[in-house]
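Input sequences plus hints: build the corresponding full structure.
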Amino acid sequence: MTSRAQRIERALDAGLELAHLEVIDESSGHNVPKGAQSHFKVVLVSEAFSGVGRVARHQQINALLAGEFDSGMHALAIHPYTPDEWRARHGNAPMSPPCAGGGH
Amino acid sequence: MSEATVLDTIREQITQNPIILYMKGSPQAPQCGFSAQTVQVLISYGKRFAYVDVLSNPDIRSTLPSYANWPTFPQLYINGELVGGCDIITEMHEAGELGELIEQAAGDEG
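Here the protein sequences come in this chain order: E and L.
Per the numbering used here, the first sequence starts with residue -10, numbered consecutively.
Per the numbering used here, the second sequence starts with residue 95, numbered consecutively.
No lab work stands behind these hints: they were computed from the structure.
Small disclaimer: the values here were computed from a predicted structure and weren't measured.
Take the hints with a grain of salt, since some may be wrong.
Ranges of calculated distance between the beta carbons of each label pair, as one might list FRET restraints [said to hold, decoys possible]:
| hint | chain 1 | residue 1 | chain 2 | residue 2 | range |
| --- | --- | --- | --- | --- | --- |
| 1 | L | Ile137 | E | Ala3 | 34 to 42 Å |
| 2 | E | Ala45 | L | Gln122 | 27 to 35 Å |
| 3 | E | Ser17 | L | Ser156 | 23 to 31 Å |
| 4 | E | Gly40 | L | Asn163 | 17 to 25 Å |
| 5 | E | Gly61 | L | Gln131 | 19 to 27 Å |
Where is the CB? At the ideal position from N, CA and C, for every residue including glycine.
Below is the structure:
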């Protein structure tokens, strides 16, 4: 069965040219049943965010994940950066591009 | 309430209140971690702000996301514009960008 984290990863990877993506299931930190897959955090780096305001970046990401909101995702923390913003924040911390789920 | 009426109410709220937070619960008793964090940031500026508890206003809770193209709560509006939710508010606060916006909006109120 595909986890919600995997679906989020695929939807974001399909919709954005990503240099880095982390999808974190934070559900265990909330008052929800075990395995609820309700609360997520995404950290993403994409050149596509250059010149795009904060609200518009979130709207773009939320739109790619509308299906997950419709099917019970309760909360999504979003941290989008351009490559330049990411480097300003994290120095040369290596980015991990999405693997796009080849074969799993 | 019809959706048009709810939309009118929302428009009235965000145009008549220079700073308004749509949240789960109240500033004194927030019912969600993201609302709690956002309201703490707002309170730290010591300016007056309006809030709407979407848990006790289900019509607004169901209508605002499509109006704003923003699926989650909290949502902060300053001078009629969506500034963001918890992530954006926290980031702007830490970057020192939120204070100026709040000062200006609160100042407009006199």
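Cross-check of the supplied hints:
1. L:Ile137 - E:Ala3: 34 to 42 Å: Holds, at about 40 Å.
2. E:Ala45 - L:Gln122: 27 to 35 Å: holds (33 Å)
3. E:Ser17 - L:Ser156: 23 to 31 Å: holds (28 Å)
4. E:Gly40 - L:Asn163: 17 to 25 Å: holds (19 Å)
5. E:Gly61 - L:Gln131: 19 to 27 Å: holds (23 Å)
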